[in-house]
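Top to bottom, those sequences are chains A and B.
Using numbering that gives the first Met the number 0, you'd call the opening residue of the first sequence number 0 and step up by one each time.
Using numbering that gives the first Met the number 0, you'd call the opening residue of the second sequence number 0 and step up by one each time.
Just so you know, these hints were derived from the structure itself, not from any lab.
Where hints are given, some of them may not hold.
[Stated by the list, open to error] Heads up, incomplete: computed chain B residues facing chain A, CB under 10 Å, no partners named:
1) Ala39
2) Met88
3) Ala93
4) Cys96
5) Tyr98
6) Leu103
7) Arg123
8) Ile139
The beta carbon of each residue, even a glycine, is placed where N, CA and C say it ideally should be.
This is what each chain is made of:
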Amino acid sequence: MRPDAVAKLTGEFGYATELHAPGELHGATVRSPVAAADLLGVETAEAMRVRGAYRVLTIADVPGARRVGVKTPDQPVLADGRVRHHGEPIAFALAETAEAARRMALLVRPILRPRPALLDPERALDADAPRVGPDGSNLVHRLRLAHGTARRGATGVRRRWRTGRQDAAFLAPEAGLALPDGAGGVVLRVATQDLHHDRAQIAAALGLPEERVRVELAGVGGAFGGREDITVHVHLCLAALLSGRPVRALYSRAESFGAHPSRHPAIMTYELTADPDGTFVSLAADLLFDGGAYASTSKAVVGVAHYFAAGPYRIPRVEITTRAVYTNNPVAGALRGFGATQVCFAMESTVDALAAELGLDPADVRRRNLLEPGEPLATSGQALAGVAAPASLLDALAAVPLPAATPAPGLRRGVGVAVGIKSAGLGDGRPEGAGIVLRADRHGVEIATAAPEVGQGVRAVLAQIVTECLGPVPITFADSTSALPASGGSKASRQTMASGGAALRAATRLRQRLGGATPVDLSALGDGTSIVVEERYDAPPTAAPDPRTGRGDPHIAFQLTAHRAVVDVNPALGTARVVQLVAAQDVGRALNPALVRGQLAGGTVQGAGFALLEEIPVDADGRGGAAGFGTYLLPAAVDVPEVIPVIVESGDPRLPFGAKGVGEGPLISSPAAVAAALRAATGRPVARIPAHPEDLATSHDPAATAPAAAAEEPAAVDG
Amino acid sequence: MPDDLVEVRGTLDGEPYHAEVPVWASLLDALEAAGRPLPAGCRGGQCGSCTVSLDGVPAPACVVPAGAAAGAVVETARRAALPVLVEEMAAAGATQCGYCSPGLVVALSHLLRTSPAPDAPAVREALTGHLCRCTGYEAIVTATLAAAARLTSEISSI
Ligand code: FES
Ligand code: FES
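Chain A on its own, in the form it takes in the complex (with noise of 0.2 Å):
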């Protein structure tokens, strides 16, 4: 059972909405009513005629780095005389109440001129559009790969995808709690993905030294990618610091919804061809990625959609470009599955109608084209090893049976089935280790880790790990803070593989120090005595691949899942009920059950929103948001109505444990699976999701019920 869960159904546990202090000052964010302009003053006046204003802070008061971002330093603190996007930070009020500072929020006027706003990802690379990056060009990243011969199969299918955007969604919005620690340096609680990487980025802004600013770990209501970007992290510290006091900041639900990066919204072209008997020829792919105002991670969102653009297939000739742009439009970064989902549903989609084309069985389509263990992939050729063999997953799905109860009246039933693949750890050449400290004295126990306990319940993994080596003690975990050993975030699905293997080295060496033997024996320890042991466990390395061939070894370990998706949907009104949701995926070896089981429903559940209901709309200014759950729709109970994890084992032996990180895997494949179902409910092509009540109306549009009449490319393209 996981060590917080009591508390945490019982309202004991406490979270970074809670934090307070006192002698506090609140803090609200101005935000960019447009999406691009020049900046050319912040008015602050009227704002602080409000009772209890105290300052309004902007770029001026920023003594270090102006610009900041996780991976590249491109994003403002504050706005820096122009702003990129509708919800950029522009300036932020300090207030003696929340009141008073989110009313002086409203009333600080930025002076803006408007400049043409660059909307179109397709428009970002011609000559003539608006320059949003940071260096003038809108390319943030380019990636291509060409191989094999030229040969191409008798039959083929082209067709465009596009993916919306979608939002992490948290349910707890984001927040934080800054402290003077009365030495010139400050103490920020927030609820975070990597205490160091915010460490970093909040020291470079202050132009402080890292150890002068320290990151602690406040609760966190879910993440999912969605805080590996800073929010309030330098704008609340910078204020402790100039006040003197502490600050808290608590961001609305319509705010949080803009505040952090987004799911990148992709426009996809496919082409696969085939033999007669369904052997893939040729894929030639073309992938964008529209990372709005910033980089954020868009590089290595699209490192991963290139990589796992062709899915577990066997293909001779792969030819994929893919691009990352800099556009107006709210920010896009990391978000559970990262760029694979998108892949997986432009790829699986695909293969569906190439399927169509040829007049197969999509089930045997795949069968015949999916790789066997040890096998390259199609991409960087890099040998699918550590995994059970794909095919595995399409029989866990049929061993599931299909729901007895038939469709109600008028109701038209699709099943669809989808494979996806994407990489766990981050790979690519990174460093990708953990350190974490154990300290044993006659009572217990204690775990030291920087990891952040998200939700996903990396505490639970490492207490059972430490456990299992020591036997039954007490475990007891110390704060996470970014004083302890840096043990990366917790992102790509890495934490049991980083952290879990650096538990797994420490509790061995300090069961060595307790003389060898499981149980250990606490009580010989004395009063007073404790043994402590800091290790760390650093993966496999790996390297980035060639960047003129694509070809190369940059993957860790393999996250491989399959989902089987059952609808409803009533033709008349293109509303779409799901009725079961099957997630079979290889996580090598569950570690934790009920942990495991519920990363797969949960994560499946959050693909079928994103199929069906999820989206962050943007018009046609490049306003973006969402006013609250009434507008962005979260898959409620009632929705999923039943969804069914299987837990495939196939133990990867460069592992600790064999265990492979679960987490992104059920959000890679279950958006493809629900789109298929979709597809086989109306014949409608379903060439976005998420999918709109127009998109699955087929009673008024006789022509829609033809399948290939209502593509949106021509179906065949010549062999």
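Fit chain B with the ligands to the known structure of chain A by using the hints.
Just chain B with the ligands, lined up with the frame of chain A:
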């Protein structure tokens, strides 16, 4: 007391509480002012995370006017939670980040007190107005049914 504040008194988890809050404040604001913050995912009645038992009935505290709750008996999950439900939810992995959990526990404890043998659709129906972003609901439903089964067998074995 400045004239734009109201004083709210009532019972919170069995103890008297009081708070002075602006006239427009919600019960959630009043509980925060009394030093008892709740998870609050939306402050607009759309997520259910701030759900408390108000005179025995679950309600999102963020949309209950503080003045209207004056004199009421308010119970958070600390007091309203059925222990068997908490045990089953903890064992099933029905909480991840936990931000939705106290509100869900209030609502589901009420369900089990008022309708002892719900089926899965009834449990899902009772979750109307509650969002959970992490779990996909499956473990929550399983745990609630398991708790219901234990409650029923306890009753029938008397
Ligand atoms: S915070 Fe009250 S319902 Fe969401
Ligand atoms: S456990 Fe995170 S929202 Fe429900």
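Against chain A, run the beta carbon of Tyr98/B and see if the smallest gap drops under 10 Å.
-> Hint on Tyr98/B: holds, closest Cβ of chain A at ~3 Å, below 10 Å.
Hint check: 10 Å Cβ-Cβ cutoff, Ile139/B to chain A = This interface hint holds because 7 Å falls under the 10 Å limit.
Please verify that hint: Cys96/B, Cβ, nearest Cβ of chain A, below 10 Å or not.
-> Nearest chain A Cβ about 3 Å off; hint holds.
Under the criterion of a CB-CB separation shorter than 10 Å, is Arg123/B in contact with chain A as hinted?
-> 4 Å, holds
Taking the least C-beta to C-beta distance, is Ala93/B closer than 10 Å to chain A?
-> The hint holds - Ala93/B has a Cβ within 10 Å of chain A, the shortest such distance being about 8 Å.
Evaluation of the interface hint that places Met88/B against chain A, nearest CB under 10 Å | 5 Å, holds
Answer holds if the nearest beta-carbon of chain A is closer than 10 Å to that of Leu103/B; otherwise answer violated.
-> With Cβ-Cβ at 8 Å, under 10 Å, it holds.
Residue hint Ala39/B, partner chain A, criterion CB-CB below 10 Å | OK, holds: Ala39/B within 10 Å of chain A, min 7 Å.
The structure shown violates none of the earlier numbered hints.
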